[in-house]
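**Student:** Put together the whole structure using the sequences plus the hints.
Residue numbers for the sequence shown follow this note's numbering, so the first one is 1 and each next one is one higher.
Don't take each hint at face value.
As the list claims (entries may be wrong) - Restraint-style ranges between C-beta atoms, simulated for each label pair:
| id | residue 1 | residue 2 | range |
| --- | --- | --- | --- |
| 1 | Ala148 | Ala231 | 34 to 44 angstroms |
| 2 | Arg245 | Ser183 | 23 to 33 angstroms |
| 3 | Arg176 | Pro92 | 44 to 54 angstroms |
Quick caveat, the hints were computed from the structure, so don't treat them as lab data.
We treat Cβ as the ideally placed atom computed from N, Cα and C, and that holds for glycine.
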Amino acid sequence: MASYSFAQVDVFGSGRLTGNPLAVVVDADALDAGEMQAFARWTGLSETTFLLRPTDPAADYRVRIFTPSRELPFAGHPTLGSAAVWLTTGVPSRSPGLVLQECGAGLVPVRVEGDRLAFAAPPLTRFEPVAEELLGRIAAGFGVDRAAILDASWLVNGPEWIGLRFGSAEQVLGLRLDPAGLSGLDLGVVGPHPAGGEVQVEVRAFIPGEAVAEDPVTGSLNAGLAHWMMATGQVPERYVAAQGRAVGAAGRVQLVRDDTGLWVGGQVAVVVTGHVTL
Numbered sequence: 001m002a003s004y005s006f007a008q009v010d011v012f013g014s015g016r017l018t019g020n021p022l023a024v025v026v027d028a029d030a031l032d033a034g035e036m037q038a039f040a041r042w043t044g045l046s047e048t049t050f051l052l053r054p055t056d057p058a059a060d061y062r063v064r065i066f067t068p069s070r071e072l073p074f075a076g077h078p079t080l081g082s083a084a085v086w087l088t089t090g091v092p093s094r095s096p097g098l099v100l101q102e103c104g105a106g107l108v109p110v111r112v113e114g115d116r117l118a119f120a121a122p123p124l125t126r127f128e129p130v131a132e133e134l135l136g137r138i139a140a141g142f143g144v145d146r147a148a149i150l151d152a153s154w155l156v157n158g159p160e161w162i163g164l165r166f167g168s169a170e171q172v173l174g175l176r177l178d179p180a181g182l183s184g185l186d187l188g189v190v191g192p193h194p195a196g197g198e199v200q201v202e203v204r205a206f207i208p209g210e211a212v213a214e215d216p217v218t219g220s221l222n223a224g225l226a227h228w229m230m231a232t233g234q235v236p237e238r239y240v241a242a243q244g245r246a247v248g249a250a251g252r253v254q255l256v257r258d259d260t261g262l263w264v265g266g267q268v269a270v271v272v273t274g275h276v277t278l
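**Tutor:** See below:
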């Protein structure tokens with residue numbers, strides 16, 4: 001066994017301890033995939049990441065991302081949390097104000113603006129309507145009429161999200177999922193808040209069959225939803241999403257499209273530092 005630097009960070013919070021926690025193990029090149037998965041299962045968090053030496057000479061670091069049961073090629077809050085921890089190591093980035101992360105989905109740029117970070121949303125590799133038969137199963141799982149789902153799309157950017165649009169934030173917050181028959185699906189729901197408020201939409205992320213069945217705040221899902229809703233004219237090119245209220249969090253995700261692409265950002269705070277023996 002060996003000792004590794006460790007941090008636990010709060011990502012996308014709107015205040016102290018209101019976001020999504022992430023465990024990060026630093027300089028973890030000696031660990032194999034089985035050891036990483038075992039530690040991710042032990043932490044019980046939605047994701048745990050491991051910082052490694054990059055294999056791409058353009059990258060500042062490489063990351064592997066694990067849920068309690070599987071490895072992901074990309075995920076949003078682990079990207080921001082991993083970048084925040086990497087920045088504490090004192091290694092200078094190759095470009096001022098920008099960190100370049102290597103992960104299973106490729107290279108992901110991360111902008112650094114004080115305690116706020118933002119990642120460049122990767123392109124959707126699957127962006128198409130959801131089969132009606134599957135939508136019927138999903139509606140039944142939520143205990144709602146099929147007509148309550150106003151629109152749906154596959155939003156695959158690493159995780160294989162199915163985006164579901166409802167008529168209001170109130171409907172989104174009232175959903176209760178029966179996971180029977182839906183294990184293996186990643187379901188993201190969104191509905192608008194009344195105009196003029198602090199946030200424009202409410203988001204929830206359900207992962208039936210996972211140890212963490214509802215993710216507190218989800219960068220990859222918000223990235224996919226923004227691609228979809230901006231393309232269909234449902235949201236402006238700059239808006240704020242709320243997520244986590246149903247599970248006791250109060251996340252805020254800032255979505256901005258500019259001439260360089262779509263950026264997904266939020267606050268990141270390092271809460272715990274120390275060492276782990278693995």
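**Student:** Is it true that arginine 245 and serine 183 lie within 23 to 33 angstroms of each other by Cβ?
**Tutor:** Since arginine 245 and serine 183 have Cβ atoms about 25 angstroms apart, the given range 23 to 33 angstroms holds.
**Student:** Quick check: does the Cβ-Cβ distance between arginine 176 and proline 92 fall within 44 to 54 angstroms?
**Tutor:** Check passed, 48 angstroms falls within 44 to 54 angstroms.
**Student:** Take the C-beta atom of alanine 148 and the C-beta atom of alanine 231, compute their distance, and say whether it sits inside 34 to 44 angstroms.
**Tutor:** Given a distance of about 22 angstroms, which is not inside 34 to 44 angstroms, the answer is violated.
Going down the numbered hints, you'll see the structure goes against just number 1.
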